[in-house]
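**Q** Chains S and X supply the protein sequences, listed in that same order.
Position one of the first sequence corresponds to residue 1 (UniProt numbering), numbered consecutively onward.
Position one of the second sequence corresponds to residue 1 (UniProt numbering), numbered consecutively onward.
Hints were generated in silico from the structure; no laboratory data involved.
Some hints here could point you the wrong way.
Since copy identity is lost for identical chains, a pair holds within one copy or between any two.
[What the hints assert, rightly or not] 20 Å max Cα-Cα, derived EDC-like pairs, lysine to aspartate or glutamate: (1) K335 / D196; (2) K94 / D136; (3) K139 / E117; (4) K139 / E221; (5) K32 / D53; (6) K32 / D97; (7) K335 / D235; (8) K32 / D161; (9) K94 / D274; (10) K94 / E231; (11) K335 / D274; (12) K94 / D53; (13) K335 / E114; (14) K335 / E231; (15) K140 / E245.
Nothing here was measured: the structure is a model prediction, and the numbers come from that model.
There are 2 protein chains.
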Amino acid sequence: MLLSMSDEEGIGRITLAQVAEQAGVSISTVSKVLNGRQDVAAPTRVRVERLLDAHAYRRTTRSAREAPLIEIVFHELESIWAMELIRGVENVAKAHDAGVVLTESGTRHAPGPEWMEAMLQRRPLGVVLVFSALPDEVKKQLRARSIPFVIVDPAGDPDPDVPSVGSANWSGGLAATRHLIECGHRRIGIVTGPEDMLCSLARLDGFRSAMAMAGIEVDPELVLFGDFHVEGGYDRAARMLDLPERPTAIFAGSDLQALGVLEAARVRGIQVPDDLSVVGYDDVPIARWASPALTTVHQPLRQMAEEAAQMLMRLRAQEPVSTRLELATSLVVRKSTAPPPPGPSGHRPRKENGAGGS
Amino acid sequence: MLLSMSDEEGIGRITLAQVAEQAGVSISTVSKVLNGRQDVAAPTRVRVERLLDAHAYRRTTRSAREAPLIEIVFHELESIWAMELIRGVENVAKAHDAGVVLTESGTRHAPGPEWMEAMLQRRPLGVVLVFSALPDEVKKQLRARSIPFVIVDPAGDPDPDVPSVGSANWSGGLAATRHLIECGHRRIGIVTGPEDMLCSLARLDGFRSAMAMAGIEVDPELVLFGDFHVEGGYDRAARMLDLPERPTAIFAGSDLQALGVLEAARVRGIQVPDDLSVVGYDDVPIARWASPALTTVHQPLRQMAEEAAQMLMRLRAQEPVSTRLELATSLVVRKSTAPPPPGPSGHRPRKENGAGGS
């Protein structure tokens, strides 16, 4: 499906004057609502918004501002993804002589109303939202003002209604697991992400498919959901490494979780990659700096953000864009993977080693 | 010394009309130059800029824009410091209902002209510049438009002419070294930053002072300049660890360099902290996630950026601000430091271990 900002424009379009008349307010009040001004009473604002929505109003006049802006909104700026995504938007903005406005706002599911209000006043060229799905309310407000918006969605849970850019999570899980199998591992554990994120499930399914294709049975004790943080990786790996028969390889589901796996191995005196292979996911800069450097699945975050920002420009130019773009992931082999240690089915008994704190 | 935006205002102030008359152009042309518009011929622009500068022109009318912006400009967005600094500015911007505009521009010494032009059009509340010193040109342009600006300068090389925020590098170097001495180390190496950055020299001097106070002689072979990157830490640590009498502790000068030291130790089979203690500097998030978690000097980057953004607000309100603010650093003890291994002067011979690639 292709979307264009002009889909619903054309004959029969309602004018500001008509909205004003139907709402029983002045044109300037309607204009204030469109521009996010605060000096409109809440009931009036609601009445006007409903009419704009009911008539699928689309602003046609483009902002004449001389200093164009692209906005990027995060729920969680702490995210290790944030800097790469900012870089991608910044690259495209620079090419269009635009500034980048960065906001942390709202919940995991929607930017907050304070952002919406300020953004409407700034009238940016467009908005890149790092959220999975968006409430209808938010979509309607953006559409009524003809502000193009695109979702960057590394979590892999796209809103079918909005142009979005993600990456191929299932294929990434498959590639990571195949690499371990090709190294000779058979007893392979996975710490995937949170159970309620589609990307976790897609990576896990990729893992299962690779195992099934190789005819290897998956031990349910070696399949755990994590939290995409270092602590979750540490904790889940500790559980697997303390099993009577521990895995010889762990697919860690994210680079942060992989760092937790490395630490859980280190405090047990388990050498990576000699005794245990570890694969991360994301390929954020720390993956390269870990000891040993992580073999990981490269998620092209910067490129995803660039694509999203370029989609904004195409939407502004009323060119058609895809509703969903999934960029390919690729395996980056570094130093945290190797053939399994010798022993029955690649296993040798756990070293007892009291050293190292926890 | 205290600076205020209004220092040079008052009686005898030149007006736009006077500048226009002296330049032989219209008032609207002068106004275009002030607003960074491109439709002014270069020679005219230069003439007007010179007159504005010669008369120390200060714009008095504040921008009436409804969507206020604070700008932060980096030379190098890749920097591991960037995200923490952005967070600090974002916190203050949020409190003032302002958006944050993020730009990567220019060289290590100055933002580029394309940023200056776009910024003048955006007319932000103020600008946080992550640079050490600024060319006079840049300072004059910002002052003529009454746009407050503050330097955040983790490199510790403040421009005496501009309000700036840094942190206490000498004290940080002292604290890191004292901690190692208190653990019992005497053969301590340092990999400080690049030779041309004041912060590298300040940290090194703090190291030397701590050693001198403890009556320990510094071995020149154990004092190396680095590059503040992982590779530099790896390379310098490799040189020290391959000495006939290797150090029992290394103060790594930055967290990234410390990661390089950890890797150089790992590939030699040297255990951290049992065989080698390592101290970082910065306390960026990866310090906590390293294996083992890094003992490091906390540089309050977020707080530095918050202070800088708050100084902008005080400058706007024509309140006096300090020209230089240095925030305290503090040592964070984690798991990469311990007493030295037993042996003559805390030294035991290098383990021969062929394992681990490089």
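**Q** Checking K335 and D235: alpha-carbon separation at most 20 Å within a copy, between copies, both or neither?
**A** between (23 Å within a copy, 18 Å between copies)
**Q** Checking K139 and E221: alpha-carbon separation at most 20 Å within a copy, between copies, both or neither?
**A** neither (43 Å within a copy, 63 Å between copies)
**Q** Using 20 Å as the alpha-carbon threshold, which applies to K335 and E114: within, between, both, or neither?
**A** neither (46 Å within a copy, 42 Å between copies)
**Q** Since the copies are identical, ignore which copy is meant and state whether K94 and D274 lie within 20 Å (CA to CA) inside a copy, between copies, both or neither.
**A** neither (46 Å within a copy, 49 Å between copies)
**Q** At most 20 Å between C-alpha atoms: does K140 with E245 qualify within a copy, between copies, both, or neither?
**A** neither (55 Å within a copy, 70 Å between copies)
**Q** Between the shortest in-copy and the shortest cross-copy C-alpha distance, which are at most 20 Å for K94 and D136: within, between, both, or neither?
**A** neither (31 Å within a copy, 25 Å between copies)
**Q** When no copy is named, should K335 and D196 be tagged within, between, both, or neither for a Cα gap of at most 20 Å?
**A** Classified as neither; 31 Å inside a copy, 34 Å across copies.
**Q** For K32 and D53, with the copy left unspecified, which applies at a CA distance of at most 20 Å: within, between, both, or neither?
**A** Result: close within a single copy only, 16 Å intra versus 40 Å inter.
**Q** One pair to classify: K335 and D274, alpha carbons no more than 20 Å apart. Within, between, both, or neither?
**A** within (10 Å within a copy, 23 Å between copies)
**Q** When Cα atoms must be at most 20 Å apart, do K335 and E231 count as within-copy, between-copy, both, or neither?
**A** between (22 Å within a copy, 16 Å between copies)
**Q** At most 20 Å between CA atoms: does that hold for K139 and E117 within a copy, between copies, both, or neither?
**A** For K139 and E117, the Cα distance is within 20 Å only inside one copy (14 Å; across copies 33 Å).
**Q** Can you give me the call for K94 and E231, within, between, both or neither, at a CA distance of at most 20 Å?
**A** Neither way: K94 and E231 sit 37 Å apart in one copy and 30 Å across, limit 20 Å.
The structure does not agree with the numbered hints 1, 2, 4, 8, 9, 10, 12, 13, 15 stated previously, though it agrees with the rest.
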